[in-house]
Amino acid sequence: MSPLHIQQGSSKHSAYDLRDPHSEVIESHTLAVIVANEPGVLARVIGLFSGRGYNIESLTVAETDHKGHRSRITIVTKGTPAVIEQIKAQLGRIVPVHEVHDLTVEGASVERELALLKVEGKGEARIEALRLAEIFRANVVDSTLGSFVFEITGAPAKIDAFADLMRPLGLSELARTGVAALPRGGAMG
Amino acid sequence: MSQQKTTSQMTGAKMVVQALKDQGVEVVFGYPGGAVLPIYDELFQQNEIRHVLVRHEQGATHMAEGYARSTGKPGVVLVTSGPGATNAVTGITDALMDSIPMIVLSGQVPTFLIGTDGFQEADTVGITRPCTKNNWLVKDPDRLAETIHQAFHVATSGRPGPVLVDIPKDVQFAEGTYTPPQKAKVDHYQPRVKGDIDAITALVEMLEQAERPILYTGGGVINSGPAACQLLVELADATGIPVTSTLMGLGAYPASGKQWIGMLGMHGLYEANMAMHDCDLMINIGARFDDRITGRVNAFSPNSRKAHIDIDPSSINKVIRVDLPILGDVGHVLEDLLRIWKSRGRKTNAEGLVRWWKQIDEWKAVNCLAYKGSESIIKPQLALQRLEALTKGRDRYITTEVGQHQMWAAQYLNFDGPNRWMTSGGLGTMGYGLPASIGVQIAHPDALVINVAGEASWLMNMQEMGTAVQFRTPVKQFILNNERLGMVRQWQQLLHGERYSHSWSESLPDFVKLAEAFGCKGIRAEHPDELDDAIMAMLDYDGPVIFDCLVERHENCLPMIPSGNAHNDMLLPSDDVRGAIKGIGLTLV
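Top to bottom, those sequences are chains A and B.
For the first sequence, this note's numbering puts the final residue at 675, and the numbers step up evenly by one.
For the second sequence, this note's numbering puts the final residue at 708, and the numbers step up evenly by one.
Any given hint could be a false lead.
[To be verified] Part of the chain B face toward chain A, derived, beta carbon under 7 Å: (1) Arg248; (2) Pro249; (3) Asn253; (4) Val273; (5) Tyr308; (6) Pro432; (7) Ser433; (8) Lys437.
[Said to hold, decoys possible] Keeping only pairs whose Cα atoms sit at most 27 Å apart, straight-line, the calculated DSSO-like set for lysine-lysine is: (9) A:Lys553 to B:Lys304; (10) B:Lys483 to B:Lys511; (11) B:Lys425 to A:Lys553; (12) B:Lys258 to A:Lys553.
These are computed hints drawn from the structure, not numbers from a lab.
Glycine is no exception: its CB is placed at the ideal position from the N, C-alpha and C atoms.
So here's chain B without its partners, still in its complex pose (with noise of 0.2 Å):
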């Protein structure tokens, strides 16, 4: 007993280790600093838990989220204090909108400075309380554990999110008792995750009598869990109803499954997003009728009626007021209303769904993702669709940055299973996609991960090429180049009479000489013809690549909803684009 005692107490830097230790962490993204560098001391002293250095915490957020997307685990940033946390709080951001899990340990001042503007002193917690689901500035050591463990849950629980422990250096230097996870004090946090059966029940009775159903689904269906998804396939293959997905959601329901009919929203297939406007009953699966959804919120799929499943209940009525809110985690809801679908003898409306199928291959037959060809140049579509080709059948995961090359991606890429698609949504945060795809390699160091960028998004975060490098992570870039930045040029056409403002890039860098700088490789495709062999040489090198690929400058991102519209008033690659987007729509984004 007294011997236990002993072993418990503790400096607070080895707690903080101890702490990652105990909750099973194997690797952290930081950047050392005056304000932490006692934790840096006992990550020296210890060969358990792999750290990565970054280039700038930014980049260490996004790789954490790279990591905690496409594992399920949560991810783990440690920075100094002040300009290091301040760094980190577009990822953190970042991880709040896409519901994220991730544990930020920050280093402060001592406490006995705080409040003096001493050196390398910010307001870390009053900073990041918006953006972090919950945020600790532990003063005292027998509490650092502890805190340490409870933010592991709050991260990890309900709905996930970005947690932010900020620990002052004496703190870390001072004595504690340690505290292990089992006794840490976690019940008050414990959001519901069984959803109510008289809910489930309704939704199965109304499933059972529409005529034109369709699953929305979204990314709480991927952070639900590997089962969550397996249960969305069941109850779409079973019911035969259509499933349309956020862009979030991908993957969750496979591409190549029969139920699948395209991403739906603002860049979204026609088919998905006309079958939301006319269906008679939507099922909104952890997703959260975002603006990019539902486009002009008093036109949006005006006959049906909505039943939401979420496990947050503020999302619930806050944009999109539904007819059946069913507050739970995804797959325990689902699993409910799949037992109780089954017991009540797998009724569907055949008829209806006959018809409605019937509709929904008329809207197909349109080939939204149509587009003009061309000899002489790359188009970006033709690039993403070859990347497709050459890659299928590979483990392959899939980040990306910000912009018009994003939403070809979603269009022309395949997701087969969940956790393989890692892109910033919520935020939309340009830089995103690079240091994402060196966080997904670290979680799988034999998988291909590939970062399709814009070369404006890339350039943000660049300097993550030396951590690609330096941990060995065979990460490919693969920069659809149109010396533009694509997207707001894009709208510039729509709505600003083609005054492109500011939207080109002069003075690129060379890519290729870039990559070698970097001391890795540089590939450039120009020319159609050698796009294949450009690809595979690609995938075919040992270590990270920057691929240059160099697309049509002017090419738009289509089809879209130009927004202030609703869902069945798409723009297709046969329309006029000029002046498409009118009246509120100017002043929406």
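Here chain A stands alone, though its shape is the one from the complex (with noise of 0.2 Å):
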């Protein structure tokens, strides 16, 4: 779907939406961005945030297509269902944006973050922080006889989690990636 061609309201046009476009109710909402791979895209987009008063969640970006020069900007934003509209339609009239998906409301998507942990710690905790690593699938990527680095993928709830159990045991440093998102099953419509 071309971003110019992004139907007002999108609520209307899905059986299954059941929102009501005069909530005041704060969502979350994932919106995939397709833009043209030239300078000063991310920029505009960003802008676009600030300027307009909006919020940004979480941003990734990076190209995607390197023949077709397009990159892939992955937001979580919040928003009542009438500011999410606007910032669709904002985003969907930026020149170089080439398609815009919420996420959200599109379908299923799955959602993952990867985030990198320094936990310093010795003796017990130290044990206890790889035994807990292990329960969130997260790897030692670095370590030494003080510390470990973990890497951890997943939702970013998973994260919040795994990032809060880590604090009393000596988590030093927090490094993440932002939400990359993609819709289930087959192409987007």
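Need the complex rebuilt from these two chains, each delivered in its own frame; the hints are there to steer you.
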């Protein structure tokens, strides 16, 4: 779907989406924005959010199609349904933006984030950290006698939970990539 | 083949000029400087494109806006790097707010100096990113021509707007391959122009049944072109639906037309605002529910169903939630709308419309533009009424500055066609009118072009009188001089207890002597008795005129929807205005 053909109030076009367009409830939405990979596009997208007072909860960007000069920006944003619709329309009219997809309403999607956590400690705490990492299927990617760096992939909530557990065990540094997301099933409509 | 290849090889500077020619550009408004000298050298060596030397880059942008708004063609601006580009920012923002197609070409320091804080270096694409539809920094001469063609395409397609192409000086000198317009890739940006037929049919059904319908039209009708304006006239006249318009849309439906009920909004007519408030079907055609129009949003036209025709998806449901959005170009949508309405038997709710017009006529009887006349002082309203009467029937274009005079001009001057009214609506840029009038006159050398101004706004870009004289544009600067920042003073009276903080100008220039200093004609009118003769002298003079019309200093611009009020809660000339803005309105502008 071209961004310029975004149906306003996309709720109207789905039998399953019962969102109230007048709702004041703040929703979190994950948007996939396919852009031409040219200078300044990311600045334009970010500038739109700051200039118009929208929230960015998470943002990831990288080239995904070298030959086609396309990058994919994944944005997690929050707002009322009306604000979310406005954000999509505003994104859609940026000239180098090719597609805007609201993964939250366009059907099921998977969201993953990668995080690196440095945990420093000795003795029991160190063993406990390692044990918990195993439960969370985190990998050890670096270790010294006094520290580990864990690599964990998962939904943001899983990373939050893991980080919360590591904190009392000596979490000293945390780096997160932000959310990458794809719709489940076949190609996007 | 091989010869063709060699002729398409040229310097970046030559490509710029070639691209402008291939885009049909006739005039460029600009100011030279170090980073655009190669382009100026190419301009020097040709005769197809005319260059208008401005006195300040902001002037160039407003001239381009005046040119664009009065012709429907894009305006082109050429400025140097650094201060040249930053001076253009106000005009670029103005064009963005009012959807004016404009192409700004800016010089930049050579690529190898970018990022070193070089002399006259500024991050031009960074600075102009939020105030352009799109902008480009071109580092590869082979991409230069294509980028300029794309810039024209983007500026003029969909909802028009300003674009900027930043060209480093070494790219202007470098050789590259010229890409002609036909070969430039523009397929990605193709905004949809046809409206959804089901939605248009739904609107026809609503229109057939409505008892109190209203057409609320905006600048989008004018941007869509003369054909769209003609379709609007046909729709309104055939259905008998009243038409009101925003400031930007004046002239799309003729003021002399039967269905016209005047401008709406903060300083709109009582009958137009009351009709907006009480209608049962509002058809927004190419307008955007601006805050000058809506008044208090939660009291905006509470009992109507609303349809919105707009080419920009982001305009829909941005401020006012509508019941029926139609995405598309006004002209295309109106064409389909009329066709469907006719094929269904040209139905309207005739009985309802009769009652509706009866109601509107009662509102009209309030005579909201009445004002107290004076024997000794020129009332600004009178000055405009006389200007209107004495220029009636002439090939006339009006530009304005921003403030009270602008609103009075909108209220008291009548426009019977599109592209005749150039004003800074969205951004409200003082200093717009004088350069805009020059841009209009450049496009229409034989027409009567008048800038209705306030003395404070006019001073903001008065250096452009030099441009007017140099290029022999006989623009008439009709200055309503109240020695005040009139609108600021009015608001201070309305909400700041008549404490007139810094809203008057001392040591104003003698405008007649100023005119002489610029080498044009100055005329002063101080008394109502001499007004007509003075205006005739201005109209008869074959050259630029600065007309200093001394008017009542503390006249208020009414009627008015005080900020924070609803449409049906207007201040009329008979009301006491002191402390009229209250509550939430105090925080609004």
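Can we keep the Pro432 (chain B) interface hint, with Cβ of chain A closer than 7 Å?
Status holds, d = 4 Å.
With chain A as the partner, please determine if Ser433 (chain B) meets the hint condition of a C-beta pair closer than 7 Å.
The hint holds - Ser433 (chain B) has a Cβ within 7 Å of chain A, the shortest such distance being about 4 Å.
When the nearest CB of chain A is found for Lys437 (chain B), is that gap smaller than 7 Å?
At about 6 Å, which falls below the 7 Å cut-off, the nearest Cβ of chain A leaves the hint on Lys437 (chain B) intact, so it holds.
Just to be careful: measuring from the Cβ of Tyr308 (chain B) to every Cβ in chain A, is the smallest value less than 7 Å?
holds (5 Å)
Are the Cα atoms of Lys483 (chain B) and Lys511 (chain B) separated by 27 Å or less?
Satisfied, since the Cα-Cα distance of roughly 23 Å is no more than 27 Å.
Would you mind confirming whether the straight-line C-alpha gap from Lys425 (chain B) to Lys553 (chain A) stays at or under 27 Å?
Roughly 45 Å between the alpha carbons, so the hint for Lys425 (chain B) and Lys553 (chain A) is violated.
Given hint Val273 (chain B) near chain A, where the shortest CB pair must fall under 7 Å
holds (6 Å)
Restraint check, 7 Å cut-off on beta carbons, for Arg248 (chain B) near chain A
holds (6 Å)
Hold the hint about Pro249 (chain B) up to the distance rule: shortest CB distance to chain A must be less than 7 Å.
With a minimum Cβ separation of about 5 Å from chain A (threshold 7 Å), the hint on Pro249 (chain B) holds.
Would the hint linking Lys553 (chain A) and Lys304 (chain B) be met if the CA-CA limit is 27 Å?
Holds, because 16 Å separates the two Cα atoms, which is no more than 27 Å.
Is it true that the CA of Lys258 (chain B) sits at most 27 Å from the CA of Lys553 (chain A)?
Given pair Lys258 (chain B), Lys553 (chain A) holds - Cα atoms ~20 Å apart, limit 27 Å.
Hey, does the Asn253 (chain B) contact hint survive, CB to chain A under 7 Å?
Holds, because the Cβ-Cβ distance from Asn253 (chain B) to chain A comes to roughly 4 Å (cut-off 7 Å).
In summary, the structure is inconsistent with hint 11 from the numbered list given earlier, while agreeing with all the others.
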